[in-house]
Amino acid sequence: EAQVTQNPRYLITVTGKKLTVTCSQNMNHEYMSWYRQDPGLGLRQIYYSMNVEVTDKGDVPEGYKVSRKEKRNFPLILESPSPNQTSLYFCASSLTGNTEAFFGQGTRLTVV
Amino acid sequence: QQQVKQSPQSLIVQKGGISIINCAYENTAFDYFPWYQQFPGKGPALLIAIRPDVSEKKEGRFTISFNKSAKQFSLHIMDSQPGDSATYFCAANQAGTALIFGKGTTLSVSS
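For the record, the sequence lines run as chains A and H.
Per this note's numbering, the first sequence starts with residue 850, numbered consecutively.
Per this note's numbering, the second sequence starts with residue 21, numbered consecutively.
Read the hints as simulated data drawn from the structure, not as lab findings.
Cβ coordinates follow ideal geometry from the N, Cα and C atoms, glycine included.
Certain hints may be false.
To be verified - Sample of chain H residues lacking proximity to chain A, with all beta carbon distances greater than 12 Å (derived): (1) LEU31; (2) ILE32; (3) ARG71; (4) SER89; (5) MET98; (6) ASP99; (7) ASN113; (8) ALA115; (9) ILE120; (10) LYS123.
To be verified - Pairs of lysine-lysine, BS3-like flavour, derived with a Cα cap of 30 Å: (11) A:LYS906 / H:LYS78; (12) A:LYS914 / H:LYS88; (13) H:LYS77 / H:LYS123.
Just chain H, same shape as in the assembly (with noise of 0.2 Å):
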């Protein structure tokens, strides 16, 4: 029940398209789920996150998007670009428990 479930493993995106990274969980009372960016030789970092009160939340070409009922998440990638060529990790929590991660994904970015 703990789980955090991300799919796929790997992406392969060609410039300008559109990357999705899905995540499920199982915990209903988890209330806090961030998409972390690492690249290569370097610490995660906060890409984006939302907290379940809203559906979908947006920066830049970065879009989390929310299903509760469904117990899903997912990231989307607009516009594709090389530099975004990384690791992404979802993750899920609630206040005062720890961060549970999902195994992450790693996206390419063809030109």
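Isolated chain A (complex conformation) (with noise of 0.2 Å):
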């Protein structure tokens, strides 16, 4: 079945101690992309991959990273977060940028 798998689904972690949160697509897909979603402000991109080894800045990048080491792979990583990522995390993929995307089931991360 052609999936984006994400891990965790849910998370609850304390400020400062860094997380990943992994992210799996079994399309072949190129392009890869982080959103974050909060109420009244829609689905917001934080980083996207157009292919391996190639990242750019979304949106809203400030206090993430991410990498694309493999086709299939693009883990998000919090390296010291704070209460103000507390959101729902999605991640996405599609065979080029502007072509359907493909959602995973969402990460609820609660910072505190």
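Reassemble the complex: the two chains are provided individually, in unrelated frames, and hints are given to aid placement.
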């Protein structure tokens, strides 16, 4: 089954404790991206990657890091999480940057 | 210039009615305009998309109308059903750049 898999689905952590949210896709897509979804603000792109070893900032990259060492994986790293990073995070992949994007199930992160 | 403005924020429609959600954009280089549907607890899923070489695209009860000169596009849901109750997002981008989403419209279809 074609899918984008994120882990974990839920995470509660404390301020400053480094964490990684994993994302994997099995569709051989070139393009992957991370979004955060906050009430009233819609989906805002954090980082995106057009191919292996190629990443670029989206609208809200501050406080986040990404890497794309393999085509299928695109982890999101929070080196020192803060409460304002409490949000619902989605990973997505698509064949190119402007074709259908497939989203994961989301990761609800709470930073206390 | 990168914004996509979506309205209304929320919408209540009776079963069988027409739901209309509007979006406006500024960047004339945008060439891909998708609509996503999101149910609670799920990730967004592509509903329908259009490119600027056509003015309308229809898939079942869902239609996108696109007005290039006005830089606007809209989603029409005909014969709205309770199962259509969800949050809808418009988006836009050009190849190689970030997909910009509107802030979303919460649709409730009453039976």
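Now the hints, each set against the structure:
Here H:LEU31 stays apart from chain A, with its beta-carbon at least about 15 Å from theirs, past the 12 Å limit. In this structure H:ILE32 is separated from chain A by more than 12 Å, as the shortest Cβ-Cβ distance comes to about 18 Å. For H:ARG71, the non-interface assignment is contradicted: its Cβ lies about 9 Å from the closest Cβ of chain A, within the 12 Å cut-off. For H:SER89, the shortest C-beta to C-beta distance to chain A comes to about 21 Å, beyond the 12 Å cut-off, and the non-interface label holds.
Remark: the non-interface label on H:MET98 is consistent with the geometry, its nearest Cβ contact in chain A lying 23 Å away (cut-off 12 Å). Remark: the non-interface label on H:ASP99 is consistent with the geometry, its nearest Cβ contact in chain A lying 25 Å away (cut-off 12 Å). Against the 12 Å criterion, H:ASN113 falls within the reach of chain A, whose nearest CB is about 5 Å from its own CB. H:ALA115, annotated as away from the interface, has a beta carbon of chain A within 12 Å; the closest lies near 5 Å.
Consistency note on H:ILE120: stated as away from chain A, yet its beta-carbon is not over 12 Å from all of that chain's, at 8 Å minimum. Taking the minimum C-beta to C-beta distance to chain A, about 4 Å, the non-interface status of H:LYS123 is violated against the 12 Å cut. Among the hinted pairs, A:LYS906 with H:LYS78 is inconsistent with the structure: their alpha-carbon atoms are about 34 Å apart, more than 30 Å. Between the alpha carbons of A:LYS914 and H:LYS88 the distance comes to roughly 37 Å, so the proposed pair goes past 30 Å and is violated.
Between H:LYS77 and H:LYS123 the alpha-carbon distance is near 22 Å, which keeps this suggested pair within the 30 Å criterion.
The structure fails hints 3, 7, 8, 9, 10, 11 and 12 (numbered hints given earlier, in ascending order).
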